[in-house]
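A.B. asks: The residues making up each chain are set out below.
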Amino acid sequence: MALTTAPSSTPRATGPVRTPADQRGSGRIWQREGLAGYVFLSPWLIGLLAITAVPMLLSLYLSFTNYDILTPWSEIEWVGLANYERMFTSDASYWHAVQVTLSFALIAVPLKLAAALGVALLLNRAWRGVGLFRGLFYLPSLLGGSVALAIVWVSMFNRDGAFNSFLGLFGIEGKPWVNDPDWALETLMVLAIWQFGAPMVIFLAGLKQVPTELYEAASVDGAGKVRQFLSVTLPMLSPVIFFNLVLETINGFQGFTSAFVLSNGTGGPVDSTLMYTLNLYIKGFVDLEMGYASAMAWVFLLAIAVITVVLFSTGRFWVHYSDGEDR
Amino acid sequence: MVTQTEAPAPTAALAPTSARRPSGTGRHLGRLLILVAILAVVLYPLFWMIGTSVKSPEEIVNNIGLLPREFTPGNYSDGWSNFDVSFGRFFLNSAMVSLLTVLGNALSCLLAAYAFARLRFRLRGFWFAIMIGTLLLPGHVLIVPQYILFRTFDMVGGPWPYLPLVVPQFLATEAFFVFLMVQFIRGIPRELDEAAKIDGASPFGIFRYVILPLSRPALVTTAIFSFIWTWNDFFRQLVYLSDLEDYTVPVALTLFIDSTSQSAVGPMFAMSVLSLLPVFLFFVAFQRMLVEGLNTSGLKG
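So the protein sequences, as listed, match chains A and B. Its first residue numbered 1, the first sequence is counted upward by one per residue in my numbering. Its first residue numbered 1, the second sequence is counted upward by one per residue in my numbering.
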């Protein structure tokens, strides 16, 4: 590293010969390492500026206007806080979307994590074929938020879908779940929970890190399986649980594809699947109220930031790091 | 693509486990039975999708079984040409967007990662913090202004409508991959850089002859996840593509939902199966290299 910090004012040709590297002529090149750094960084910097920073400023500005893509730039009207006011006071569908999104995240995320942890515990043993099992449980996550899976899901929970046929075997009469405002969102929750493979794999990696001696010590102390789970597994796993919780919560708030497919882009039936991002899409790209949509985007960003901060600040009460730094 | 942080995980899925003390065969059998039962529920929708894709319209309504009584492969050819534009075109469009995205992400993210991991320059810490910040930025927040910008430059629905989908990928906007590669490059011994430097290599030479060849596992990981995420991405493709001919597979699939006829269900399922096939095959083909890439990049949890 000494070479890189060589003073740049020393011209190589006249300066004293100090190192083999200087003799070979690389010293001069490395004196410009700072320049090289920016050359390598330039695609990212351009992207940051053009694709992220400028759009962010633009959307902040637009959120105070009534911009609707059709009006020319010169005629954009500054409306002050009107968009935000409308959002918080007079737009019933906005609050409905907030409610839908919150209930989706609050119910689906914990159940998904519970399913992931449960199956991970069952798979946390070495035996022939365990790898295949893990791969198969991971499959729904791999196929992820694809339109095809959402289509299959909607068909399964239709009036004459597979789920109702299954209920029919027991003489239970099903209902058109996806068309029922009371149940449409629940079918989407089940879809999200079904894709528990990704957090499961992370749990498996975490479980491997728990030292076997801790279980041995616990069982010497007379702890049963349940007690071992509560006193050894859960605390040792808490950093991984926390990681999954943050990731899945942020993901949960952004659910779009399945809600779009189920409602054919409307958020129906009766707004029951109007996820926040779907609502934003409708306002911005269907109703062309881009100023209003920008305001919604900024509130969304702030909400995610607040939720992340809240998660991190509650984390210190229950996340334990094995190096003893419980902070 | 930005919205989907689900995938980076299959490390442990395929890696061997540390052996625990052997338990009784009975207990093992019990656990196995529970697992098989859960797996049956998990896999049922996928098998049902494949089964339905070869059922006749009547059977789709009244046959609950996974297997069709009457094998109807015609759904595939019907679905393929169900719209004015053939599904072959949609697949080509998707393939093009996905492959360019893979190329763009691999290239631009590695350049940025090399700078962050190895080079000293002013404000490096500051830029690195910004990069980590963008990691948490939801894609939905930027979609409206990005759309407006691309539209202002005539890139939306222009002569080559995929520019808004592809250009950002060549500018390392996918911070997740930059971060992954920074972690990976940090694991490459610095002695190799030093040796090359003593041999007279410039920063560019070190990138070309040391970092680039040794980063193959990280590049493969990036390629796989960019491919899968882009192939499955719906939100951005829905926003930017407006002409039927330009549609990618996910956008084209939603056309089936618009057509309300019962007879389109079989073809819809056939095309859904086909749309998932590339992702599945890609994963199967590269999973070994993927595990290597994630293990060595310090993302192992």
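FYI, nobody ran anything at the bench for these hints, they're computed from the structure. We put the beta carbon where it would ideally sit given N, CA and C, even for glycine. Any given hint might turn out to be false.
Straight-line Cα separation of at most 25 Å, SDA-like style, residue types lysine to any residue; simulated pairs [unchecked claim]:
(1) A:Lys225 - B:Ile34
(2) A:Lys208 - A:Ala223
(3) A:Lys208 - B:Ile34
(4) A:Lys175 - B:Gly65
(5) A:Lys208 - B:Gln183
(6) A:Lys175 - B:Gly51
(7) A:Lys175 - B:Ala40
(8) A:Lys175 - B:Gly187
(9) A:Lys225 - B:Leu33
(10) A:Lys225 - B:Leu29
(11) A:Lys208 - B:Leu66
(12) A:Lys225 - A:Ala114
(13) A:Lys225 - B:Phe283
(14) A:Lys175 - B:Val85
(15) A:Lys175 - B:Leu244
(16) A:Lys175 - B:Thr254
(17) A:Lys208 - B:Gly187
(18) A:Lys225 - B:Leu46
(19) A:Lys208 - B:Phe283
(20) A:Lys225 - B:Val36
(21) A:Lys225 - A:Thr212
(22) A:Lys175 - B:Ser56
Derived CB-CB ranges, DEER-like [to be verified]:
(23) B:Leu281 - A:Phe317: 57 to 63 Å
(24) A:Pro211 - B:Gly200: 18 to 24 Å
(25) A:Leu57 - B:Asp154: 19 to 25 Å
(26) A:Val310 - B:Glu191: 42 to 48 Å
(27) B:Leu281 - A:Val39: 48 to 54 Å
(28) A:Leu57 - B:Phe71: 56 to 62 Å
(29) B:Ala37 - A:Glu173: 22 to 28 Å
(30) A:Leu214 - B:Leu281: 38 to 44 Å
(31) A:Gly168 - B:Gly187: 53 to 59 Å
(32) B:Phe204 - A:Ala53: 26 to 32 Å
(33) A:Ala53 - B:Gly157: 47 to 53 Å
(34) A:Phe317 - B:Ala95: 45 to 51 Å
(35) B:Arg186 - A:Asn264: 43 to 49 Å
Facing chain B, from chain A, some residues (calculated, C-beta under 8 Å) [said to hold, decoys possible]:
(36) Val54
(37) Asp160
(38) Ile193
A.B. asks: Starting from the hint list further up, note which numbers the structure goes against and sort them upward.
C.D. replies: Structure breaks hints 8, 11, 13, 14, 15, 18, 23, 24, 27, 33, 38.
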